[in-house]
Amino acid sequence: MRIAPRHIVYWLLSLGSLGLLAFDAPRGRLLTLEPDRGEVEKGTGTVRGRPIYVWSGGGYHGGK
Amino acid sequence: MNQPVPVFRDEAKTAALQCPGCGAPIQRTGFGAIVKVVCSHCGSELSPTESDTLRLLLHVQRQQRPSVLPLHIRGTLAGAQWEVIGIVWREVTADGKVYPWQEFLLYNPYLGYRYLLHFLYDRHWALGTPLDGAPIIHVAQRPSARWRQHHFRHFQRALARTIYVEGEFPWQVRVGDVVTADDYVAPPLGLSVEQSVDESGTDLQFTMMQHLDGAEVYRAFALAATAPRPTMIGPLQPNRWTAGAALTWVSCAVLLLVWLVATIGYSASRDDREVYRGTATTPDPISDELDLGEVGSVQTIAVELTATPLSNAWAYADVLLVPLSGSEEAVGVGLEVDEWHGVSDGESWHEGTSHASVAVGAVPGGRYAIQVAPQSGTSTPGAPAQTLEYTVVVRRDVVLDRYIMLPLAVILGVPLLLTLAGLAFEGARWRNSDYAPQA
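Same order as they appear, the protein sequences are chains A and H. Terminal number for the first sequence in our numbering: 94, no gaps in between. Terminal number for the second sequence in our numbering: 468, no gaps in between.
No wet-lab data here; the hints were simulated from the structure. All C-beta atoms, glycine included, are put in the ideal place defined by N, C-alpha and C. Accuracy of the hints is not assured; some may be wrong.
Pairwise CB distance ranges, derived in the manner of DEER restraints [unchecked claim]:
id : chain 1 : residue 1 : chain 2 : residue 2 : range
1  : A       : R59       : H       : A414      : 13 to 23 Å
2  : A       : G49       : H       : A272      : 22 to 32 Å
3  : H       : S462      : A       : G49       : 16 to 26 Å
In silico contact screen, one side only, chain A against chain H (beta carbon under 10 Å); selected entries [stated by the list, open to error]:
id : residue
4  : A34
5  : Y40
6  : S44
7  : L48
8  : A52
9  : P56
10 : L61
11 : D66
12 : T74
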């Protein structure tokens with residue numbers, strides 16, 4: 031059986047995706063949607079004695 | 030120092046033989062087996078004599094026509110040196126369209142004759158070798174042929190007509206000759222069966238064909254130009270998509286095994302543990318605390334929202350996870366559930382879902398505050414929002430299906446795509462045959 035460039039590309043793609051499964055899936059750094067992340071600060075008032083947090087910057091604004 | 034032994038004799042003296050028809054010099058190469066010589070200059074048909082002269086059989090006056098390869102050019106093909114000693118132009122007509130090609134009779138004094146074919150209509154090349162026997166022909170609605178270990182499928186039948194001749198030939202050839210040609214294919218090989226009928230009976234010629242790359246032919250004969258690219262898929266052209274298919278599918282089987290082991294290992298080693306469950310009614314928010322594993326660890330989490338009873342209504346929740354250590358950024362996700370139903374044109378319909386889930390990756394471990402701000406509404410503008418009971422669940426170290434499905438898609442998808450491309454290639458090949466699917 032002669033090895034063609036397409037075989038090498040196929041092996042690399044397959045092993046690359048298997049590498050994601052083996053090494054990245056437990057932490058989910060690459061294939062999960064990036065959530066909104068940012069700094070928060072405590073707002074005025076409380077809910078059941080706990081502080082209310084509001085975004086202090088970034089792209090997340092909350093609500094519909 | 031050893032000198033290579035020349036395969037061919039020295040160039041013939043052009044004065045040695047002259048065409049009795051036009052007086053032009055004629056170079057003889059084929060010797061004893063030659064039965065017909067056609068003057069390349071005037072086209073007169075000549076017959077070699079025992080006294081090494083040429084006898085005029087038919088006086089013709091036509092001009093020499095340029096072929097892709099000139100007469101007497103030499104080149105190395107299939108590991109042997111060959112000289113073009115004869116050129117025949119032939120053509121078939123199908124559906125009112127003419128398909129011409131040029132045949133070059135190659136000669137090597139030790140190996141005999143070969144036929145080099147150049148199909149002008151698609152620019153493909155093939156090398157023909159006379160068979161030293163007869164193939165087994167299976168006559169059926171769709172004939173096939175077998176020669177030794179090769180199995181051929183019938184491709185087309187046509188009447189091939191000779192339209193131009195020059196050079197030497199070991200058979201009687203004449204402009205206007207017509208043979209019935211059956212082509213069988215097993216790319217890159219082919220089998221040509223030519224049948225001619227004359228007053229002496231039926232003559233059958235069997236030739237094994239092999240597809241050649243145009244660039245290979247141009248290199249073999251040291252032609253200065255670049256070989257033109259084929260304009261369509263040829264009957265003998267190798268299917269590049271199915272080349273190495275066995276290795277591809279063996280690789281696929283091995284990779285699937287690796288994928289299965291990796292998937293089992295990944296799924297079995299996940300905690301997939303519920304770390305928070307909170308229930309409230311809209312529009313009351315939730316504010317609580319939860320533990321997302323050890324500080325310093327990084328994991329995936331899934332945030333789920335369920336709201337009931339949903340009836341032509343929607344609910345939305347902003348879920349905010351704030352690390353209590355204060356050293357990390359907060360994580361915010363939005364989840365929406367809705368449920369719609371009704372009756373249209375007498376048919377009842379239903380859509381939406383009361384459950385939504387979002388997976389988030391690379392969440393640092395530690396203690397977090399969770400804050401849920403719900404909203405809800407109905408399909409009626411201005412109507413008061415329903416009071417819904419909603420539940421938010423957070424699970425950590427969850428299985429993410431996308432990591433499992435991506436390698437599976439690659440491992441199975443590439444061979445399947447190659448197979449589909451190969452089938453499309455064969456479809457294009459057979460569209461030019463007698464067995465093309467009817468439109």
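**Request:** Hint says 16 to 26 Å; check whether the CB-CB distance for S462 of chain H and G49 of chain A agrees.
**Result:** Violated, since S462 of chain H and G49 of chain A (Cβ atoms, about 45 Å apart) do not stay within the stated range.
**Prompt:** Does the Cβ distance between R59 of chain A and A414 of chain H fall inside 13 to 23 Å?
**Reply:** Given about 38 Å between the Cβ atoms, the range is violated.
**Message:** Just to be careful: measuring from the Cβ of T74 of chain A to every Cβ in chain H, is the smallest value less than 10 Å?
**Reply:** Hint on T74 of chain A: violated, closest Cβ of chain H at ~14 Å, above 10 Å.
**Item:** Hinted contact P56 of chain A with chain H - closest CB pair below 10 Å
**Value:** holds, 7 Å
**Request:** With a cut-off of 10 Å on the beta carbons, see whether L48 of chain A makes it to chain H.
**Result:** holds, 5 Å
**Item:** Satisfaction of the hinted span 22 to 32 Å by the C-beta atoms belonging to G49 of chain A and A272 of chain H
**Value:** holds, 28 Å
**Prompt:** Should the interface hint for L61 of chain A be scored as holding, given a Cβ-Cβ cut-off of 10 Å against chain H?
**Reply:** Check passed: Cβ of L61 of chain A comes within 5 Å of chain H, closer than 10 Å.
**Asked** Against chain H, with CB atoms and a cut of 10 Å, does the hint on A34 of chain A hold up?
**Response** Check passed: Cβ of A34 of chain A comes within 5 Å of chain H, closer than 10 Å.
**Prompt:** How about A52 of chain A: closest beta carbon in chain H under 10 Å, or not?
**Reply:** Result: holds, 5 Å to nearest chain H Cβ.
**Prompt:** Is the interface hint for Y40 of chain A satisfied, with its Cβ closer than 10 Å to some Cβ of chain H?
**Reply:** holds, 5 Å
**Message:** Does S44 of chain A hold up as a contact with chain H if the rule is Cβ-Cβ below 10 Å?
**Reply:** With Cβ-Cβ at 5 Å, under 10 Å, it holds.
**Request:** Hold the hint about D66 of chain A up to the distance rule: shortest CB distance to chain H must be less than 10 Å.
**Result:** Cβ of D66 of chain A sits 4 Å from chain H, so the hint holds.
Of the numbered hints listed earlier, those contradicted by the structure are 1, 3, 12.
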